[in-house]
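2 protein chains.
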Amino acid sequence: MRFTRRIILAALTLLLPVPAALAQSPNPLPSWNEGAAKKSITDFVTKVTMQGGADFVPSAERIATFDNDGTLWCEQPAYFQLAFDRIKEMAPQHPEWKTTQPFKAILDRDMKALAASGEKGLMQIMAATHAGMTTDDFSKAVREWAGSARHPRFNRPYTELVYQPMLELLAYLRADGFKTFVVSDGGVEFMRPWMEKVYGIPPERVVGSSGVVKLQTGASGRPELMKIAKIEFVDDGPGKPVGINRFIGRRPIFAFGNSDGDLQMLQWTVAGEGARFAGIVHHTDAEREYAYDRQSKIGKLDKALDEAAAKGWSVVDMKRDWKKVFTVEP
Amino acid sequence: MRFTRRIILAALTLLLPVPAALAQSPNPLPSWNEGAAKKSITDFVTKVTMQGGADFVPSAERIATFDNDGTLWCEQPAYFQLAFDRIKEMAPQHPEWKTTQPFKAILDRDMKALAASGEKGLMQIMAATHAGMTTDDFSKAVREWAGSARHPRFNRPYTELVYQPMLELLAYLRADGFKTFVVSDGGVEFMRPWMEKVYGIPPERVVGSSGVVKLQTGASGRPELMKIAKIEFVDDGPGKPVGINRFIGRRPIFAFGNSDGDLQMLQWTVAGEGARFAGIVHHTDAEREYAYDRQSKIGKLDKALDEAAAKGWSVVDMKRDWKKVFTVEP
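From first to last, the protein sequence lines stand for chains A and B. Numbered continuously in the working numbering, the first sequence closes out at residue 330. Numbered continuously in the working numbering, the second sequence closes out at residue 660.
The shape of chain A in the complex, shown without the other chains (with noise of 0.2 Å):
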């Protein structure tokens, strides 16, 4: 069932980020327990704001960058229900795709296939689906999506299954200068049509994967731009600092992902000089949300949970650390 454009804007509305107001607050992350987590968080904002401080950061150069799949909402069973949707929509234009992997994958719903596709996998899906499409049509798309898809255990729109913790961080590194990224593997045109509203960050703040779009004029006589099945950047792994060079420019002072897919992120900005801050969400909470790490196929957790481990990077247990999981409880 579709939502109204009306009932899309006001439920957008509700999901506006929290006020930077909070941050300035005693307790700028309600939501986070008192514990090893949230306070590696605010001695390390505390430490590279104290002017004059040894480890002082001009505003200009703090950079902090969040993965999003798993580390800003929740990833679990597959984030990636619009490209279902757009496939089965496809489907009857495509009668090879009943004997194609990936699309037979989706077409009967075999996760196991689909998982076993891989990266590549998914690329393939996502040119598949984007392709034809002008950028502002996809953009309308992508939100229509966001509006009326549904989280099949919690019943709620996805933009609604974001981490509230989440959110207070992002409001409280911004309140003190920070400037904040989202960097996925994700396509970036699909996370960018509600980013702003969700996490109140702009589209120019967010860095992910992307197809080939090409410039046409359209039937109005008007330049276009028109996506194509061709795979431009996948920002994922080694992706993810070559993404933040080529996007942001600068290299974070503060990094969180969740996954083995954000290990080079966590890398390469601890590798920076001066203090640097990394963190990993660990998903220990499977009565709230979902309890998944180093089998998982999708957010798979092994080789950065052993490094953070050996070098002292912040983990974040969500069943101990956050007091509440998601902005509106399902």
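These are computed hints drawn from the structure, not numbers from a lab. Glycine residues also receive a C-beta, built at the ideal position from the N, C-alpha and C atoms. Treat each hint with caution, since some may be false.
Stated by the list, open to error - Straight line, CA to CA, 30 Å or less: simulated DSBU-like cross-link-like pairs of lysine-lysine:
1) A:Lys179 - B:Lys544
2) A:Lys47 - B:Lys470
3) B:Lys377 - A:Lys230
4) B:Lys560 - A:Lys214
5) B:Lys527 - A:Lys47
6) B:Lys641 - A:Lys179
7) B:Lys544 - A:Lys297
8) A:Lys303 - A:Lys112
9) A:Lys38 - A:Lys300
10) B:Lys627 - B:Lys649
11) A:Lys120 - A:Lys88
12) A:Lys230 - B:Lys560
13) B:Lys630 - A:Lys120
14) B:Lys544 - A:Lys300
15) A:Lys214 - B:Lys509
16) B:Lys544 - A:Lys214
17) B:Lys641 - A:Lys311
18) A:Lys179 - B:Lys509
19) B:Lys470 - A:Lys179
20) B:Lys544 - A:Lys120
21) A:Lys214 - B:Lys641
22) B:Lys450 - A:Lys214
23) A:Lys140 - B:Lys509
24) A:Lys197 - B:Lys377
25) B:Lys527 - A:Lys214
26) B:Lys509 - A:Lys197
27) A:Lys140 - B:Lys377
28) A:Lys214 - B:Lys627
29) B:Lys377 - A:Lys311
30) A:Lys303 - B:Lys544
31) A:Lys214 - A:Lys38
32) A:Lys140 - B:Lys641
33) B:Lys649 - A:Lys214
34) B:Lys450 - A:Lys230
What the hints assert, rightly or not - The calculated label-pair distances, taken between Cβ atoms and stated as ranges, are:
35) B:Ala446 - A:Asp136: 36 to 44 Å
36) A:Gln216 - B:Thr372: 29 to 37 Å
37) B:Gln546 - A:Lys311: 17 to 25 Å
38) A:Arg320 - B:Lys544: 32 to 40 Å
39) B:Ala446 - A:Gln101: 44 to 52 Å
40) A:Gln51 - B:Ala384: 39 to 47 Å
Since chain A is already given, all that's left is putting chain B on it; use the hints.
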């Protein structure tokens, strides 16, 4: 002759952007003569910032994009001086360059042959001069160049040959809630190291051409990004709307260029809904700067000049409209 780092920093400090407060003064554009060009700018800004007005645009959507070469700084006789210097340095290791274009043209100082090699030639130069350096080392080389290289005619660092009226315009727009971006065919990693100091535009708001970079483990065991001799993206002509879509993710409402390489950016800007501004710097001042347009090898302004006339875009006549050209008079 090379300046020491201290002197470079001191020189850059002199070039701080015009403070935002200036824009709130009764005359926010003091280096602009009264006339149609100035009026078209202030009228537009007044219109889109008037809350409740028919043309009001929320601050988050006030995206302004500026070409760099010939729009914000002097592009004549050739702005790719850094590449020139590197080619000469590297030539002993590349005997084949003596007979291969575009390298031969540089070594022979044959500007005509260089221009004939076109954009492809420039891109080859960029790839050759950047390859095999880490992004950190390249930034350092650019900073050294910015402090030491001098313009052949004006005998000043290139970063002092920036247009005072355009700095005022950038500050004026920012004071009115605009986000200002550079969108240039110049190499993004060549521009970012100095633009924040000179234009007040931070690295993440600089869009440009780029080469491929690769994440690797450096000698110190730390991750580093190595530049590869392979072109990734050319941010010129039709590439400009593509680059804007990729990096900014939102269509500008205000754009400024000075050549046919900016035509598509200007067309893309004005093709959006609502109030839009397209501006062109016309180089008409051979005495204070240079005079060139339809026949120029560098910064050719021909089709875009016709389109500006046909569509009523704002054309800035440097000689007539600017009281002062450079920040520091040569």
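Results for each hint:
{"no.": "1", "hint": "A:Lys179 - B:Lys544", "in the structure": "25 Å, holds"}
{"no.": "2", "hint": "A:Lys47 - B:Lys470", "in the structure": "27 Å, holds"}
{"no.": "3", "hint": "B:Lys377 - A:Lys230", "in the structure": "41 Å, violated"}
{"no.": "4", "hint": "B:Lys560 - A:Lys214", "in the structure": "21 Å, holds"}
{"no.": "5", "hint": "B:Lys527 - A:Lys47", "in the structure": "25 Å, holds"}
{"no.": "6", "hint": "B:Lys641 - A:Lys179", "in the structure": "38 Å, violated"}
{"no.": "7", "hint": "B:Lys544 - A:Lys297", "in the structure": "27 Å, holds"}
{"no.": "8", "hint": "A:Lys303 - A:Lys112", "in the structure": "22 Å, holds"}
{"no.": "9", "hint": "A:Lys38 - A:Lys300", "in the structure": "24 Å, holds"}
{"no.": "10", "hint": "B:Lys627 - B:Lys649", "in the structure": "21 Å, holds"}
{"no.": "11", "hint": "A:Lys120 - A:Lys88", "in the structure": "19 Å, holds"}
{"no.": "12", "hint": "A:Lys230 - B:Lys560", "in the structure": "19 Å, holds"}
{"no.": "13", "hint": "B:Lys630 - A:Lys120", "in the structure": "43 Å, violated"}
{"no.": "14", "hint": "B:Lys544 - A:Lys300", "in the structure": "24 Å, holds"}
{"no.": "15", "hint": "A:Lys214 - B:Lys509", "in the structure": "25 Å, holds"}
{"no.": "16", "hint": "B:Lys544 - A:Lys214", "in the structure": "25 Å, holds"}
{"no.": "17", "hint": "B:Lys641 - A:Lys311", "in the structure": "60 Å, violated"}
{"no.": "18", "hint": "A:Lys179 - B:Lys509", "in the structure": "14 Å, holds"}
{"no.": "19", "hint": "B:Lys470 - A:Lys179", "in the structure": "24 Å, holds"}
{"no.": "20", "hint": "B:Lys544 - A:Lys120", "in the structure": "19 Å, holds"}
{"no.": "21", "hint": "A:Lys214 - B:Lys641", "in the structure": "24 Å, holds"}
{"no.": "22", "hint": "B:Lys450 - A:Lys214", "in the structure": "19 Å, holds"}
{"no.": "23", "hint": "A:Lys140 - B:Lys509", "in the structure": "24 Å, holds"}
{"no.": "24", "hint": "A:Lys197 - B:Lys377", "in the structure": "25 Å, holds"}
{"no.": "25", "hint": "B:Lys527 - A:Lys214", "in the structure": "34 Å, violated"}
{"no.": "26", "hint": "B:Lys509 - A:Lys197", "in the structure": "18 Å, holds"}
{"no.": "27", "hint": "A:Lys140 - B:Lys377", "in the structure": "27 Å, holds"}
{"no.": "28", "hint": "A:Lys214 - B:Lys627", "in the structure": "27 Å, holds"}
{"no.": "29", "hint": "B:Lys377 - A:Lys311", "in the structure": "54 Å, violated"}
{"no.": "30", "hint": "A:Lys303 - B:Lys544", "in the structure": "21 Å, holds"}
{"no.": "31", "hint": "A:Lys214 - A:Lys38", "in the structure": "45 Å, violated"}
{"no.": "32", "hint": "A:Lys140 - B:Lys641", "in the structure": "29 Å, holds"}
{"no.": "33", "hint": "B:Lys649 - A:Lys214", "in the structure": "37 Å, violated"}
{"no.": "34", "hint": "B:Lys450 - A:Lys230", "in the structure": "23 Å, holds"}
{"no.": "35", "hint": "B:Ala446 - A:Asp136: 36 to 44 Å", "in the structure": "39 Å, holds"}
{"no.": "36", "hint": "A:Gln216 - B:Thr372: 29 to 37 Å", "in the structure": "35 Å, holds"}
{"no.": "37", "hint": "B:Gln546 - A:Lys311: 17 to 25 Å", "in the structure": "20 Å, holds"}
{"no.": "38", "hint": "A:Arg320 - B:Lys544: 32 to 40 Å", "in the structure": "39 Å, holds"}
{"no.": "39", "hint": "B:Ala446 - A:Gln101: 44 to 52 Å", "in the structure": "49 Å, holds"}
{"no.": "40", "hint": "A:Gln51 - B:Ala384: 39 to 47 Å", "in the structure": "45 Å, holds"}
Hint violations for this structure: numbers 3, 6, 13, 17, 25, 29, 31, 33, all remaining hints satisfied.
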